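Chemist: Chains A and B supply the protein sequences, listed in that same order. Residue numbering for the first sequence follows our numbering, beginning at 20 and increasing consecutively. Residue numbering for the second sequence follows our numbering, beginning at 619 and increasing consecutively.
Everything labelled a hint here was simulated from the structure, so no lab data went into it. Note that the coordinates shown come from a computational prediction; the quantities given were computed from them, not determined experimentally. It is possible that some hints are incorrect.
What the hints assert, rightly or not - With a Cα cut of at most 30 Å, we get these calculated DSSO-like pairs of lysine-lysine:
{"no.": "1", "chain 1": "A", "residue 1": "K157", "chain 2": "B", "residue 2": "K630"}
{"no.": "2", "chain 1": "B", "residue 1": "K745", "chain 2": "A", "residue 2": "K157"}
{"no.": "3", "chain 1": "B", "residue 1": "K753", "chain 2": "A", "residue 2": "K157"}
{"no.": "4", "chain 1": "B", "residue 1": "K630", "chain 2": "B", "residue 2": "K745"}
{"no.": "5", "chain 1": "B", "residue 1": "K745", "chain 2": "B", "residue 2": "K844"}
{"no.": "6", "chain 1": "B", "residue 1": "K753", "chain 2": "B", "residue 2": "K830"}
What follows is each chain in one-letter form.
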Amino acid sequence: MFLDFVEGPLWVVACVVFIAGALWRIVGIVRFGRRPDISIPRASALVGAIKGQFLHFVPHGGFSFRTRYHLIAGYMFHLGLFVLLVYAAPHVLFLKENVVGFDWVALPRWGFILSAEFAFAGLILLWIRRISDPVMIKISDWDDHVASWLTFITMLTGCLALQESHDSLRAIHMLFVDLWLIYFPFSRLMHAVTFVFSRGYTGAFFGRRGVVP
Amino acid sequence: MVESMDKRLTFKRLACGAFVSVLLVWVLSAGLTGSFDLQNEAYAQTGGAVPGKTLGNKSDADIWRQMRQGQSFNLSGTAIGTPVLIQSPGEEWRSLRNGPLSYWGGLLMLVSLIACIGFFLVYGRIKIEGGRSGKNIPRFSQAERWSHWFAASLFILLSVTGLFVMFGRYAISPIIGKEAWAVVASACLEAHNLLGPLFVVALVILLIIYMKDNVWQKGDLSWVFKGAFFSDPPPPSWKYNLAEKSWYWLLFFAGLAISGSGLVLDFPWIAERVQQLQLAHLIHGGAAVVLIAASLGHIYLGTIGVEGALEGMTQGTVDENWADEHHGWWAKQVMGSTETDIDGSEQVAARDEMPAE
Numbered sequence: 020m021f022l023d024f025v026e027g028p029l030w031v032v033a034c035v036v037f038i039a040g041a042l043w044r045i046v047g048i049v050r051f052g053r054r055p056d057i058s059i060p061r062a063s064a065l066v067g068a069i070k071g072q073f074l075h076f077v078p079h080g081g082f083s084f085r086t087r088y089h090l091i092a093g094y095m096f097h098l099g100l101f102v103l104l105v106y107a108a109p110h111v112l113f114l115k116e117n118v119v120g121f122d123w124v125a126l127p128r129w130g131f132i133l134s135a136e137f138a139f140a141g142l143i144l145l146w147i148r149r150i151s152d153p154v155m156i157k158i159s160d161w162d163d164h165v166a167s168w169l170t171f172i173t174m175l176t177g178c179l180a181l182q183e184s185h186d187s188l189r190a191i192h193m194l195f196v197d198l199w200l201i202y203f204p205f206s207r208l209m210h211a212v213t214f215v216f217s218r219g220y221t222g223a224f225f226g227r228r229g230v231v232p
Numbered sequence: 619m620v621e622s623m624d625k626r627l628t629f630k631r632l633a634c635g636a637f638v639s640v641l642l643v644w645v646l647s648a649g650l651t652g653s654f655d656l657q658n659e660a661y662a663q664t665g666g667a668v669p670g671k672t673l674g675n676k677s678d679a680d681i682w683r684q685m686r687q688g689q690s691f692n693l694s695g696t697a698i699g700t701p702v703l704i705q706s707p708g709e710e711w712r713s714l715r716n717g718p719l720s721y722w723g724g725l726l727m728l729v730s731l732i733a734c735i736g737f738f739l740v741y742g743r744i745k746i747e748g749g750r751s752g753k754n755i756p757r758f759s760q761a762e763r764w765s766h767w768f769a770a771s772l773f774i775l776l777s778v779t780g781l782f783v784m785f786g787r788y789a790i791s792p793i794i795g796k797e798a799w800a801v802v803a804s805a806c807l808e809a810h811n812l813l814g815p816l817f818v819v820a821l822v823i824l825l826i827i828y829m830k831d832n833v834w835q836k837g838d839l840s841w842v843f844k845g846a847f848f849s850d851p852p853p854p855s856w857k858y859n860l861a862e863k864s865w866y867w868l869l870f871f872a873g874l875a876i877s878g879s880g881l882v883l884d885f886p887w888i889a890e891r892v893q894q895l896q897l898a899h900l901i902h903g904g905a906a907v908v909l910i911a912a913s914l915g916h917i918y919l920g921t922i923g924v925e926g927a928l929e930g931m932t933q934g935t936v937d938e939n940w941a942d943e944h945h946g947w948w949a950k951q952v953m954g955s956t957e958t959d960i961d962g963s964e965q966v967a968a969r970d971e972m973p974a975e
């Protein structure tokens with residue numbers, strides 16, 4: 020009954036809020052526009068924007084030591100979560116039945132578990148940095164913590180349901196998936212989408228001035 | 619006359635009873651063997667499901683005895699080779715796990731908890747005697763703090779799920795019912811198995827990072843002889859006193875035992891025989907309850923037990939007076955070091971003579 024609710028009406032509501040909310044935020048960002056750039060263009064802003072998308076996947080060489088911890092933890096978490104989300108067999112089945120209508124090759128169970136290990140380790144390490152790094156403590160607010168914990172609990176409930184033998188565990192996991200989707204557009208979780216805009220803007224700004232972004 | 623008639627009647631009744639009994643046994647036997655002449659082989663044996671067939675349809679007690687004693691059998695026609703059909707030592711493992719291990723383990727943790735509460739009631743929170751100086755000195759680097767919290771967060775998750783699995787059937791199942799308990803147990807087991815390997819990695823990193831300062835040094839024992847926690851003010855010590863060093867080495871040995879046995883349980887194909895898994899399980903549970911019991915003391919002293927201790931692990935620095943009172947020799951070392959940019963207070967420099975390292 021509860022499972023029907025969280026996989027039925029609540030799932031639909033969560034998806035609508037997620038998509039509509041994310042679009043609303045994106046449109047809002049785009050509508051901000053930007054101030055006219057009166058600098059003399061020395062190179063292409065567009066090329067700079069594209070370069071910026073890729074160059075920022077790794078930190079500037081001068082900061083490699085200071086960024087090593089969150090670079091590694093960040094990639095562990097994001098790649099682990101992505102693989103988990105898209106290639107775990109139960110997710111592939113769910114997405115086929117409820118979203119896209121077709122399936123794709125899922126990871127074997129060991130791959131699924133391994134990606135979960137990476138995702139958990141990365142998320143815990145990132146949160147520890149948030150609460151123990153003097154700078155991170157100052158720039159973190161409740162939204163960061165709620166987003167971290169909501170993501171962690173969603174992952175943890177998924178892990179609790181790994182045996183796939185109890186509907187109640189699946190229902191709890193789905194409840195947190197729905198809550199996560201609803202929370203996403205109104206929080207810093209939106210960085211999963213907005214990073215493209217910020218990198219593009221920075222890249223274009225410096226690219227126009229002939230500087231590698 | 620009447621007496622002899624009674625005797626005859628009794629004999630007739632007995633005879634009738636015996637006949638009916640024999641008939642009943644014969645009918646049952648015929649039903650089981652599928653033949654009224656009782657010469658055919660039993661259905662199960664003709665089907666080949668009972669291993670051996672050495673004694674036909676007669677009592678196969680020898681085979682059952684061998685099975686009970688853990689002898690392996692060649693099950694021809696099956697893909698499972700020569701399995702042990704009844705693993706008798708499993709009963710010993712079960713009774714150890716549900717008996718002494720659960721009982722003494724539970725008691726140990728309870729005693730540890732009561733000791734912490736008792737210590738708090740008697741001594742209260744150990745304050746910084748000289749008050750806060752307002753000046754901090756570095757105690758834990760970022761690497762030390764991050765590795766500590768990484769291992770600690772996993773330790774807490776694994777302890778909770780592990781204790782649920784170990785004691786849940788006694789403590790939780792009667793409250794929430796068997797069906798709900800089955801759900802909780804399944805959830806805890808999955809989380810425990812998934813997060814366990816991460817703890818192994820976290821533990822190894824932690825042990826490596828902290829090893830340098832936890833090697834026993836001259837002066838460690840004097841900390842104990844001078845009263846340890848019960849002395850006011852606490853005796854001087856190096857960066858870690860003997861209790862902290864003991865906690866480290868307990869973590870080292872018990873933690874590695876938990877990790878090794880846990881990996882065997884998580885990846886059971888590592889083991890060659892099921893007895894190895896049972897042994898791993900006992901080591902895992904035994905070492906875990908010892909470590910959890912000790913961790914209660916560690917958590918107590920690191921949080922509410924001692925004023926100013928927690929900030930070392932959250933912010934990386936501690937108050938100078940705290941350092942001087944609890945780790946006098948270390949404080950003197952740090953404040954006398956030219957590598958740190960802090961001012962050493964005179965009182966620390968004047969205090970406790972440091973033993974040679």
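Chemist: Each of the hints needs a verdict: does it hold here or not?
Modeler: Outcome of the hint check:
1. About 102 Å separates the Cα atoms of K157/A and K630/B, which puts this hinted pair outside 30 Å; it is violated.
2. A threshold of 30 Å between alpha carbons decides the hint, and for K745/B with K157/A the separation of about 28 Å falls inside it, so the pair holds.
3. Using a Cα cut-off of 30 Å, the hinted pair K753/B and K157/A holds, with the two alpha carbons roughly 20 Å apart.
4. Proposed proximity of K630/B and K745/B is contradicted: the alpha carbons are some 96 Å apart, above 30 Å.
5. With a C-alpha separation of about 19 Å, the suggested pair K745/B and K844/B falls inside the 30 Å cut-off, and the hint holds.
6. With a C-alpha separation of about 26 Å, the suggested pairing of K753/B with K830/B holds against the 30 Å cut-off.
In the structure shown, a violation is registered for the earlier hints numbered 1, 4, in ascending order.
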